[in-house]
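Residue numbers (this note's numbering), protein chains in the order written: chain A, 1 to 207; chain B, 1001 to 1207; chain C, 2001 to 2207.
Don't read these hints as lab results, they were simulated from the structure.
Since we're looking at a predicted model, the values are computed, not measured.
The reader is advised that the hints may include incorrect statements.
[As the list claims (entries may be wrong)] Keeping only pairs whose Cα atoms sit at most 25 Å apart, straight-line, the calculated BS3-like set for lysine-lysine is:
1. B:Lys1062 to C:Lys2042
2. C:Lys2130 to A:Lys62
3. C:Lys2008 to C:Lys2040
4. C:Lys2043 to A:Lys8
5. A:Lys190 to C:Lys2186
6. B:Lys1062 to C:Lys2043
The chain contents come next:
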Amino acid sequence: MGRNENSKLLQEIKDGGGGFLDLLIAKIVLRLIGFLFRVKKKKYNRVVSFGDLFIDRGEKAKFLGFGEGTTIYDSSLVVGDVKVGNNTWIGPFTVLDGSGRLEIGSNCSIASGVQIYSHESVFWALSGGKMEYTMAETTIGDCCYIGPNTVVKMGVKIGNHCLVGANSLVNIDLEDYTIASGSPCKIIGKVRVDGTGEVEFFIDKDS
Amino acid sequence: MGRNENSKLLQEIKDGGGGFLDLLIAKIVLRLIGFLFRVKKKKYNRVVSFGDLFIDRGEKAKFLGFGEGTTIYDSSLVVGDVKVGNNTWIGPFTVLDGSGRLEIGSNCSIASGVQIYSHESVFWALSGGKMEYTMAETTIGDCCYIGPNTVVKMGVKIGNHCLVGANSLVNIDLEDYTIASGSPCKIIGKVRVDGTGEVEFFIDKDS
Amino acid sequence: MGRNENSKLLQEIKDGGGGFLDLLIAKIVLRLIGFLFRVKKKKYNRVVSFGDLFIDRGEKAKFLGFGEGTTIYDSSLVVGDVKVGNNTWIGPFTVLDGSGRLEIGSNCSIASGVQIYSHESVFWALSGGKMEYTMAETTIGDCCYIGPNTVVKMGVKIGNHCLVGANSLVNIDLEDYTIASGSPCKIIGKVRVDGTGEVEFFIDKDS
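Whenever a hint applies, use it, and build me the whole structure from the sequences.
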């Protein structure tokens, strides 16, 4: 990823019969990418995708009308009417589907690979396209942690300070301070947050 | 993401010692991206990834030889010999692996994050590279809904009108009209579709 | 995706009020993308994302200081201090989080969608940002297969020749030659690799 290192792509272009313009554009792109790789590695100790080199996470959030301090990766797909509060972190490979309206609070971690829906295409597919998409509004409160690769079904209401484990399917509503996990998820305990922000977990004995 | 807003990247380029050409190219890219963000937000109420700004989902499907009306996101990785019918929706963050041949029917929803394999590298990895990849053809029928983040193992045959829940691992064959869910998946019921396309679910009592 | 086929984007630019420069840049990008799609389809029988058209998987691995023969897709997010050995395959939609240090051995398959952490934002989110991220070093040995969409929690130690099934959550240490699966994962058997590299599985009876 140095300025002239990426000779494999250039060789492929030559081998594939590419012309002068193809090579020139590829060289310009590679030069800039290589430069950005080095700049961002040095500044943030992080190597991001091609898209994230160009799309700033805070500026994408701002463009979407999300709150102050919220960031969202380039790969996150945002559809329809989606509102997000302040200081929420939204990871890569996420889907925020606001086809039927979606609202997410402040200070949440929406981990990488999380998909939150407010529509469903189940009936559409099974009926061979004869039935319509179904829709229902979905909401997530403040200070929630939604674990990696978790899927939230359309219509679900998740309260404040909820903890949802990785790989879960949330198809039920969760009250404030709930711990849930599994696919489909089960409620397995409670979160307590004291005045100073100290967090404690109370896990149900039989879970 | 406005025409001149993305000053953070430009500042990083300056701070990192980038030259005139780096800045110019970055400005041209940002200008076009900002414009496309606004155009697509207005037209489709959707904010897609950098790649999806340029790669049209229908045109990618057409390039791949998939059927009429089928769409596929830019991030979907398509390897080897993959056939897909008409009007099938293929989400982002998907893997369609046709190393050992893969066929998907018409009118399916291949939800975001789904990975469908026709090869496996398990033995290759565990043996320290001494054993080969294994391969077997995988097929999915028409009018199937494959839920978010579900993985379909190589060699699996899924019939028509099947419903597979989110986060599942499908490692067994599924007959037409089967409902399955879980990792590894269990068969939990049947789908019925009447002549008008109306869909009903029959869930097994002890599932 | 041919040289002039992608007329939909160009039409959108015209409809959206784009100027001559927007159209010109879009045409140049589309021309190069269309060319690369055809070249890579012909050479590798594979259609990759926009970013992967430009970012060579081996060169990204080299830039990151990973070992000889290791490859990593463009979409993989690599944060902090991450070391990877030789001949390891790292799929798309993966997260390698080295905030608290991460080490992965040689000859592993880190399947698509795998997320490996050495930090956690659970307490940060639940406390409304009052508590800090937590961190702990995570390690994975040689010759491991980590299945699709699996999440490895911070602080976990996975030995050599381990097999972790798809959709798993690994929140416990795994000794050499362990087979584990599930979310959270359970140990379900042992791998045996003989001198010639032949691999056998011994699955526990009651698992």
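For each hint, the structure was consulted:
Straight-line distance between C-alpha atoms of Lys1062 of chain B and Lys2042 of chain C comes to about 16 Å, which keeps the hinted pair within the 25 Å bound. A C-alpha spacing of about 24 Å is found between Lys2130 of chain C and Lys62 of chain A, which places the hinted pair at or below 25 Å, so the restraint holds. Restraint check for Lys2008 of chain C and Lys2040 of chain C: satisfied, since their Cα atoms lie roughly 23 Å apart, inside the 25 Å limit. A hinted pair counts as satisfied when its Cα atoms are at most 25 Å apart, and Lys2043 of chain C with Lys8 of chain A qualifies at roughly 13 Å.
In summary, the hint linking Lys190 of chain A to Lys2186 of chain C is supported, as the alpha carbons are separated by about 24 Å, within the 25 Å threshold. Distance restraint check for Lys1062 of chain B and Lys2043 of chain C: the Cα-Cα separation of roughly 19 Å lies within the 25 Å cut-off, and the hinted pair is therefore satisfied.
In terms of the numbered hints stated before, the structure departs from none.
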